[in-house]
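Colleague: Residues per chain are reported as follows:
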Amino acid sequence: MTTSEPTEPIPAPTFSRRRLFTLGAGAALTAALAACGSNTGRGSGSSGGHGAPVLSQWYHQYGEAGTEQAVKRYAAAYTEARVSVQWRPGDYDRQTAAALLTDAGPDVFEVNGPTLDQIQGHQVVDLTHEIAAVRPDFNAAVLAPKTYRGKVYGIPQTIDMQMLYYRKSLLTAAGVRPPRTLHELVDAAHRLTTRNVKGLFLGNDGGAGVLGGTPLFAAGLELVTADGRVGFDDPAAAAALAGLHTLYANKSLLLGAPADWADPSAFTQGLTAMQWTGLWAMPQIKKALGDDFGVLPFPAAGNHGRPAVPVGAYATAVSARSKHVDAAKAYAKWLWVDRTDDQQDFALSYGFHIPARVSLAKKAAKLRTGPAADAVGFATDHGHASPLLWTPKSQTALQDALTRIIQGGADPSAQLKSVVSTVGSELSRVLKKSGKG
Amino acid sequence: MPSRLLGPQNRYLWFWVFTGPFVVGLGVFVYVPLLWSLALSFFDARNTVTPTHFVGLSNYTSVLGDSAFTSSLATFAVFCLFIVPATYALSLALALMVNRLRLARAFFRSVFFLPTACSYVVASVIWKLSLFNGVRFGLANTVLRWFGQDPVAWLSTSHPPWYWLVIVTVRLWLQAGFYMVLILAGLQRIPRALYEAAAVDGARPGWQVFRHITFPQLRATSVAVVLLLVINAFQAFDEFYNLLSTARGYPPYARPPLVYLYYVALGQGQDLGIGSAGAVVLALIIALVTVVQARWFGLGRKEE
Chain A
1 MTTSEPTEPI PAPTFSRRRL FTLGAGAALT AALAACGSNT GRGSGSSGGH GAPVLSQWYH
61 QYGEAGTEQA VKRYAAAYTE ARVSVQWRPG DYDRQTAAAL LTDAGPDVFE VNGPTLDQIQ
121 GHQVVDLTHE IAAVRPDFNA AVLAPKTYRG KVYGIPQTID MQMLYYRKSL LTAAGVRPPR
181 TLHELVDAAH RLTTRNVKGL FLGNDGGAGV LGGTPLFAAG LELVTADGRV GFDDPAAAAA
241 LAGLHTLYAN KSLLLGAPAD WADPSAFTQG LTAMQWTGLW AMPQIKKALG DDFGVLPFPA
301 AGNHGRPAVP VGAYATAVSA RSKHVDAAKA YAKWLWVDRT DDQQDFALSY GFHIPARVSL
361 AKKAAKLRTG PAADAVGFAT DHGHASPLLW TPKSQTALQD ALTRIIQGGA DPSAQLKSVV
421 STVGSELSRV LKKSGKG
Chain B
1 MPSRLLGPQN RYLWFWVFTG PFVVGLGVFV YVPLLWSLAL SFFDARNTVT PTHFVGLSNY
61 TSVLGDSAFT SSLATFAVFC LFIVPATYAL SLALALMVNR LRLARAFFRS VFFLPTACSY
121 VVASVIWKLS LFNGVRFGLA NTVLRWFGQD PVAWLSTSHP PWYWLVIVTV RLWLQAGFYM
181 VLILAGLQRI PRALYEAAAV DGARPGWQVF RHITFPQLRA TSVAVVLLLV INAFQAFDEF
241 YNLLSTARGY PPYARPPLVY LYYVALGQGQ DLGIGSAGAV VLALIIALVT VVQARWFGLG
301 RKEE
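Here the protein sequences line up with chains A and B, keeping their order.
Take the first sequence: its position 402, counting from 1, is numbered 402 in the working numbering, and each next residue is one higher.
Take the second sequence: its position 185, counting from 1, is numbered 185 in the working numbering, and each next residue is one higher.
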């Protein structure tokens, strides 16, 4: 589940990874068996009752109640084709990746991507024409990773982002102000740590997984520059990562909590004074803590730093193996371009996401006040998405280095040097490929 | 003519009726994927199982040059060198103790065997969430707290590598009972006459008898147990994955080859070429180890 996106809506916060994995294995088996038989979720034939095609649409399982009914309701309202919605629990990225290799895959599907390999492998089709009329209305930061050589391969659905939640009362009691620099964050986490409460929770691995490129953005750097070169070959990067090790070495970090960073339990149960988690957790935190919390972006690191939050979006894509590519494209356009009411409903009536369309995000009443408004501001002003050219291999290299630096106290400059070389060769590989094809 | 094809009493027909489905199954689910994977290892196969771009041995050089892969082999070697002797010693000790019991032997045999029925996934979850979680109310940390120690984040600490304690104990708990039963069966096959003869010759019960009678007599059982342990160790995946993976991947430590390959070939990367090359390398290593081991133990040689 190494994802190239910095954020992912948590499928079901109450599920453990093991449960997800077990379910995923089950679902994968079911999919495999379905592929052997005729039950591919496309209905009985290739066309519906009135000569209209039957489209199969896949979603990953959202944890929030009502989402499944909502997406089925949207699909049922479409008249040009019969759409059968599949709600897929488990390891969705792997399921779609496997299904796209076969003819039993979906026609229209949501994807935490599409990835560069999926685009270069011609597994998903070009949707530029479908969104042309409203292209400037999409949040530019999340549309960029869906765009390859000027063409758009996925329609962003909703924006997810992550940020730092802090408990106001605990900070006041310790006489700490909300941290505005990485240095202040290290200091605050240290002063907030007591025998029973840790200062900061960045995930059970100490932050390597969830933070990814965020500390580099906060140091004023990029993962990949606009002209396709490594964007963090800079001493500022090493300094920022060294700060993360200080957090670990000071024993200010909560580690080994029963629920990982994506779930706000550690924060709401008082195991930690500050936690890095997603916007999706805000309703749960509000319910548990009332107004006793505030939100912050990842604070600026170093002299040229700036605050940063990771943003990302699940997008709707159309499979190139679909038997009804045109019908599928028309449906994707209808739902994710034309039906703005449904898009609004999907983003905010069940879970808590920012609509990918700027005009809709501005209209949303729920996003106008308090921490939610702060979050929208962070996403707009400080949002960074994982670039399309940032491949899983690059992500793994950075994450491995982060783990070694944070937990093992390895030398940040040496570790970054090897990441820069891995990412450099990945970039030249994918750019060479795009030159050819 | 047809009767010749069917054989006497339709024996050929019945032969194929009975073996046919299994031969087909073996071919479809074992040999075809095996050969397909071998073919994929020579292609640039990203997100496809029908690649067209032949790359020769470049997948092999790339996987062997990847320090993550070579370090995963080292991880595995360390794990194997520790877990095989440890499980063997523990199983042998348990078997010897249970074998000496006169009372409630069946009870203890069942108690020690029971964990075998537990799945690796379930056991890993219990180890991770209840026994060895990093917060103050985990069992291990509760015990530490009684002695005034700070809680330890067992699975997130690489200096010292506490995660090995979690990984090794879960496997020991799960498999020691199973091998204990195998060794127990071996112990019960040792003729009593040997012990009586040793007693007559003045051998002291205890170490001397164990060293010269019990252990040599267990040779066949021991060879089988060690072989099974090594094969099981090669297949290490479940407890590693379930204990250490997070939503964002897997830490760079304690990463055995199967976990590495899983992330490379079946993750979002879907690099089936590199994945297949790694699998072939791993298969060759397993084959080599098995051959060496069989030679070493004289497996298949006639018992003297």
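It is worth saying that the hints were derived from the structure and are not from the lab.
Treat each hint with caution, since some may be false.
To be clear about the criterion: a stretch of chain B counts as covered by chain A if any three or more of its residues have a C-beta under 8 Å from a C-beta of chain A, and this derived list gives those stretches [claimed, not checked]:
hint	stretch
1	45 to 58
2	126 to 139
3	154 to 163
Computed list of chain B residues with no C-beta within reach of chain A, every gap over 12 Å [to be verified]:
hint	residue
4	R11
5	W14
6	T19
7	F147
8	L194
9	H212
10	I213
11	A220
12	V230
13	A247
14	I274
Some chain B residues judged to face chain A by a derived CB distance under 7 Å, without partners named [stated by the list, open to error]:
hint	residue
15	R4
16	P8
17	G249
18	P252
19	Q270
Each residue gets a CB set at the ideal place from its N, CA and C atoms; glycine is no exception.
Colleague: None of the hints should be skipped; say for each whether it holds.
Modeller: Evaluation of the provided hints:
{"no.": "1", "hint": "45 to 58", "result": "holds (count 4)"}
{"no.": "2", "hint": "126 to 139", "result": "holds (count 7)"}
{"no.": "3", "hint": "154 to 163", "result": "holds (count 6)"}
{"no.": "4", "hint": "R11", "result": "holds (32 Å)"}
{"no.": "5", "hint": "W14", "result": "holds (28 Å)"}
{"no.": "6", "hint": "T19", "result": "holds (22 Å)"}
{"no.": "7", "hint": "F147", "result": "holds (15 Å)"}
{"no.": "8", "hint": "L194", "result": "holds (49 Å)"}
{"no.": "9", "hint": "H212", "result": "holds (48 Å)"}
{"no.": "10", "hint": "I213", "result": "holds (46 Å)"}
{"no.": "11", "hint": "A220", "result": "holds (37 Å)"}
{"no.": "12", "hint": "V230", "result": "holds (26 Å)"}
{"no.": "13", "hint": "A247", "result": "violated (6 Å)"}
{"no.": "14", "hint": "I274", "result": "violated (9 Å)"}
{"no.": "15", "hint": "R4", "result": "violated (36 Å)"}
{"no.": "16", "hint": "P8", "result": "violated (37 Å)"}
{"no.": "17", "hint": "G249", "result": "holds (4 Å)"}
{"no.": "18", "hint": "P252", "result": "holds (4 Å)"}
{"no.": "19", "hint": "Q270", "result": "holds (5 Å)"}
When each numbered hint is compared with the structure, violations occur for hints 13, 14, 15, 16.
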